Amino acid sequence: AQSVTQPDIHITVSEGASLELRCNYSYGATPYLFWYVQSPGQGLQLLLKYFSGDTLVQGIKGFEAEFKRSQSSFNLRKPSVHWSDAAEYFCAVGEGFQKLVFGTGTRLLVSP
Amino acid sequence: DTGVSQNPRHKITKRGQNVTFRCDPISEHNRLYWYRQTLGQGPEFLTYFQNEAQLEKSRLLSDRFSAERPKGSFSTLEIQRTEQGDSAMYLCASSLMLEGIYNEQFFGPGTRLTVL
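Each protein sequence line maps, in turn, to chains A and B. Numbered according to the working numbering, the first sequence spans residues 21 to 132. Numbered according to the working numbering, the second sequence spans residues 8 to 123.
Since the hints were made in silico from the structure, they are not lab data. It cannot be assumed that every hint is accurate.
To be verified - Each pair of labels, with its calculated beta carbon distance range:
1) B:58 - A:30: 38 to 44 Å
2) B:92 - A:37: 38 to 44 Å
3) B:23 - A:100: 47 to 53 Å
4) A:76 - B:46: 38 to 44 Å
5) A:37 - B:109: 30 to 36 Å
6) A:76 - B:24: 28 to 34 Å
7) B:29 - A:78: 33 to 39 Å
Said to hold, decoys possible - Footprint (simulated), chain B over chain A, 3 or more residues, beta carbon under 8 Å:
8) 34-41
9) 62-74
Computed from a predicted structure; not experimentally measured. C-beta: ideal position from N, C-alpha, C; glycine also.
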């Protein structure tokens, strides 16, 4: 069965510093990969997605992610974090053309 | 606003009561998904519809849970005889599925259920 691992439960980053959130997946075929962000009390907003092609994908709010098949990873990055980026971040893999399988999430805290 | 909407946003109920949630997807989307999210966890798949047909149900969806999507538009999720373990955020998502083309799911704000 497909699975997603986000090894960091919490990460604290200083405002203006760079960010990398880790995601590893287990999937037999070419995966469809996603990063979603969830602010307190809110639903999930899609940051970016990887379906095929260029392994470095750009998303909204200045985020990017790199698909590395050899490492089964899809890490999320941002060069300079803003206080408004504090939220919970979820990596997900699309199972076939159907449901999403999510990781347990990484809570990002931004310190002044 | 043409996004996914869910009602109610919050529901508090007593154990043993029945509750029903509604989801209105993005109008042209033919797929509708339900997920459950408990505290500190990522969303877990419950079930999904393509138009009015329910195509898959997770083993998380016990016999007390039923979902419908009449006419392929809005969907309802009913929980009968609620238990404290049903307390969670119930998320709805929709997507446009075209043959051979995978599109992302758009999520609603969720319905937070608290069972006392």
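Comparing the hints with the structure gives:
1. B:58 - A:30: 38 to 44 Å: 41 Å, holds
2. B:92 - A:37: 38 to 44 Å: 40 Å, holds
3. B:23 - A:100: 47 to 53 Å: At roughly 52 Å between Cβ atoms, residue 100 of chain A and residue 23 of chain B fall inside 47 to 53 Å, so the hint holds.
4. A:76 - B:46: 38 to 44 Å: 34 Å, violated
5. A:37 - B:109: 30 to 36 Å: 34 Å, holds
6. A:76 - B:24: 28 to 34 Å: 50 Å, violated
7. B:29 - A:78: 33 to 39 Å: 35 Å, holds
8. 34-41: Check failed, 0 qualifying residues.
9. 62-74: holds (count 7)
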